[in-house]
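Peer 1: Top line first, the protein sequences correspond to chains F and L. Just so you know, we're using the working numbering here: the first sequence kicks off at 778 and counts up by one. Just so you know, we're using the working numbering here: the second sequence kicks off at 10 and counts up by one.
Keep in mind the hints are simulated off the structure, nothing from the lab. Among the hints, a few may not be true.
Computed spacing ranges between beta-carbons, pair by pair [said to hold, decoys possible]: (1) P43(L) / G951(F): 28 to 36 Å; (2) G951(F) / R46(L): 24 to 32 Å; (3) P43(L) / V996(F): 40 to 48 Å; (4) L357(L) / G1001(F): 27 to 35 Å.
Residues from chain F that keep clear of chain L, each with C-beta distances beyond 12 Å, as calculated [as the list claims (entries may be wrong)]: (5) E834; (6) D872; (7) T880; (8) R995; (9) G1011; (10) P1013; (11) S1015.
Computed from a predicted model, the values in this text were never measured in an experiment. Don't be surprised by glycine CBs; every beta carbon is placed ideally from N, CA and C.
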Amino acid sequence: MRIALLSDIHANLEALTTCLAHARDNGASRYAFLGDLVGYGADPRGVVDVVSRYVKEGALAVKGNHDEAIEEDAKGYFNDAARAAIDWARDSLDDEQKRFLATLPLMLREGDICFVHASAASPARWNYIDSGSEAQHCIDATDATYTFCGHLHDQALYFTTGQGRMHEFRPIPGTPIPVRDHRRWLAIVGTVGQPRDRNPAAAYTMFDREREEVTFHRVAYDAGAAADKIRKCGLPGSLAYRVELGI
Amino acid sequence: MLERFAPGAQLDGFVVGECIHAGGNAFIYKATPPPERDHGFPVVLKVPAIGRAQPTIAIESFEMEEMIHPLLSGSHVPRFVSAGDLSATPYVAMEYVDGESLTAIIARAPVPLDEVVRIGGALADAVSSVHTQEVIHLDIKPENFILRRDGLAVLLDFGFAHHARYPDLLAERQHFAAGSSPYVSPEQLRNDRSDPRSDLFALGVLLYELATGTQPFGAPTTYAGMRDRLWRAPPPPRAIAAEIPPWLQEIILRCLEPAAESRYQSAAHLAFDLRHPEQVPLTDRATRTQVGALSQIGHWWRSRRERPASLRNAGIQAPVIMVAIDTNHPDDERHPALQWTTRQIVSLNPEFRLLCVSVISAAPLGEGATDNETASGRHLQHVLRLRQWIEPLKLPTSRRSLHVIESASAGDTLLELARANNVNLIVLGAPWPKQKKLAWLRSVASNVAANAQCSVHIVRVLRTPHRPV
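Could you put together the complete structure from these sequences and hints?
Peer 2: Right under this line is the structure:
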């Protein structure tokens, strides 16, 4: 079974459809969406519709902090541009779409795999896994062999070393990495719709459970089109710029 | 898992034969493969010593080997056959390499100069081959090299290796001296397992041993003892064996520099220098006769500042570039274009080696009385033309070398030279534009482009064709 892990789509329909097609062409038979379907981008409705259709067909999805912020009484800090995009998305989404986001779980388990947007250690606090010790906190909270998360936008792979600590590895896209199950692994799968490493290409990750292999992908898509849509719907220009340049 | 297999035992379809090595981390058995894994070459099984009483490093080491070995190709590594699952029957099956272990050769060191050069070049070729496949060995020592009968060196044991594309399961091993203490590099002693120049340090130790019969830093048994090499310069080889030429001392001491950036930046460059002693630029390393206090301080100071090297595209970061120059036609209008391209290419690379090659016909053009018409006079004339060609690029002589070769087949000679010197890129001119279309198929450029094992850059003079009104 090959499972495609897609996170931080951020209302970028162009990036999402490109990644889904790439995953299908590469043999994905399951899909997991790791949160932040909305925010920043111009297509919250389109993205929520695609994801909810996949979920009806058996895909997994968890909630991200931007999805939570759609709820009326949501708290949490966002910068002005991000706040504007969330307010605009709240007005754009219909009740059914909002209900879909509101009922997403914070975390899911399937066999020895854990899916979560931020950290499995108190997922509602949206902590970033930006170090070996944060990764350690995350895996200490469950007994999962494999943990997949998003929230941070750069792809990373953490693994337990002989010393029992989590060690960070920066993966190289397109290289299948053996991830044997006698060891514990945590992957930050990358962002579909909002890359920030000066490379606008969409990011997602594929996991092959039988072969014990994880492959990080970067996929070129029409970022210009996604940016134009952001400009046309009146969202802050900086959001368009970020998508175009990947910053 | 610790008990040894008796001959005749079965392991994942293999029939176990004689045990040819029983080391701390693994047993190695000759074996007969099952028909579906019989590729027509003899096979050995490496069975790791994994058990309750064993340290977990044996597991990590097995995982690294199982991950890295199948990715490696070429004749400098044993061919990989299969690996057994870690949880059931961990083993790696690979080609049995027939030849002499470097251990046996080192045991009779010092060996004659020509043997140091021949063996050293072979070892550097093997390391270069592995480095260009994005792998650092990190456990270079005599036991891990086999010299085949044809002179080729084969590198064994990738259990401590590092691959640029894979997580390094041994990354956090504190005070981890991969293999044996005489060969471990200063970077490894600082827990940095990502610098390919660590392997060049170990090669330097091997060259030192081959040339002098002694180990430059001894075989310390404590971590503090190993750290000596971070600041202590080894006795110059010529102080031990005066017959060692200065150029070889230069090469060896350059490999043993505590700061990786002061060493050779690629194994291919080291192999090249070993094979072209006349081209080795000599520094104070060549003439050092003892370990002076000043050089000691310099040694220590240099070791403090480190610029890390990346393994990815190792060959491309410190490339060996070969440019073919037609010195038979020094006024050819293609020369400026070739020069311009060469300048562009070398300016992109802070560290490179440029081979300037001219292939001239073997037979003298005619009988004559002047120097220019004798064979050696003619040779010299072409060397001078090569020098004239390269002069405007203002390259230090340590970066470039001049080669005039007599041969009837320029293409084959260039290909052979490129292979022998681990060349990454060949630059050469397209056939003369006035020649007919068919000329391309017969040209040196098409032969080289079609048959080279590396990249080929073909240079043309840009011209606007004449269009009749």
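Peer 1: Hint by hint, say whether it matches the structure.
Peer 2: Structure-based check of all given hints:
At roughly 34 Å, the beta-carbon separation of P43(L) and G951(F) lies within the given 28 to 36 Å, and the hint holds. Between G951(F) and R46(L), the C-beta spacing of about 29 Å keeps the proposed range 24 to 32 Å intact. P43(L) and V996(F) have their C-beta atoms about 41 Å apart, which keeps the hinted 40 to 48 Å range intact. With their beta carbons about 30 Å apart, L357(L) and G1001(F) fall inside the hinted range of 27 to 35 Å.
Residue-level check passed: E834(F) sits 33 Å from the nearest beta carbon of chain L, beyond 12 Å. Annotated as non-interface, D872(F) keeps its C-beta farther than 12 Å from every C-beta of chain L; the closest such distance is 45 Å. The non-interface label for T880(F) is consistent with chain L: the shortest C-beta to C-beta separation is roughly 36 Å, beyond 12 Å. Distance check for R995(F) against chain L: the nearest CB is about 14 Å away, which clears 12 Å, and the non-interface claim stands.
With a least CB separation of 43 Å from chain L, G1011(F) remains clear of the 12 Å interface cut-off, as annotated. A cut-off of 12 Å between C-beta atoms confirms that P1013(F) is not in contact with chain L; the least separation is 37 Å. The Cβ of S1015(F) lies farther than 12 Å from every Cβ of chain L, with a closest approach of about 33 Å, so its non-interface assignment holds.
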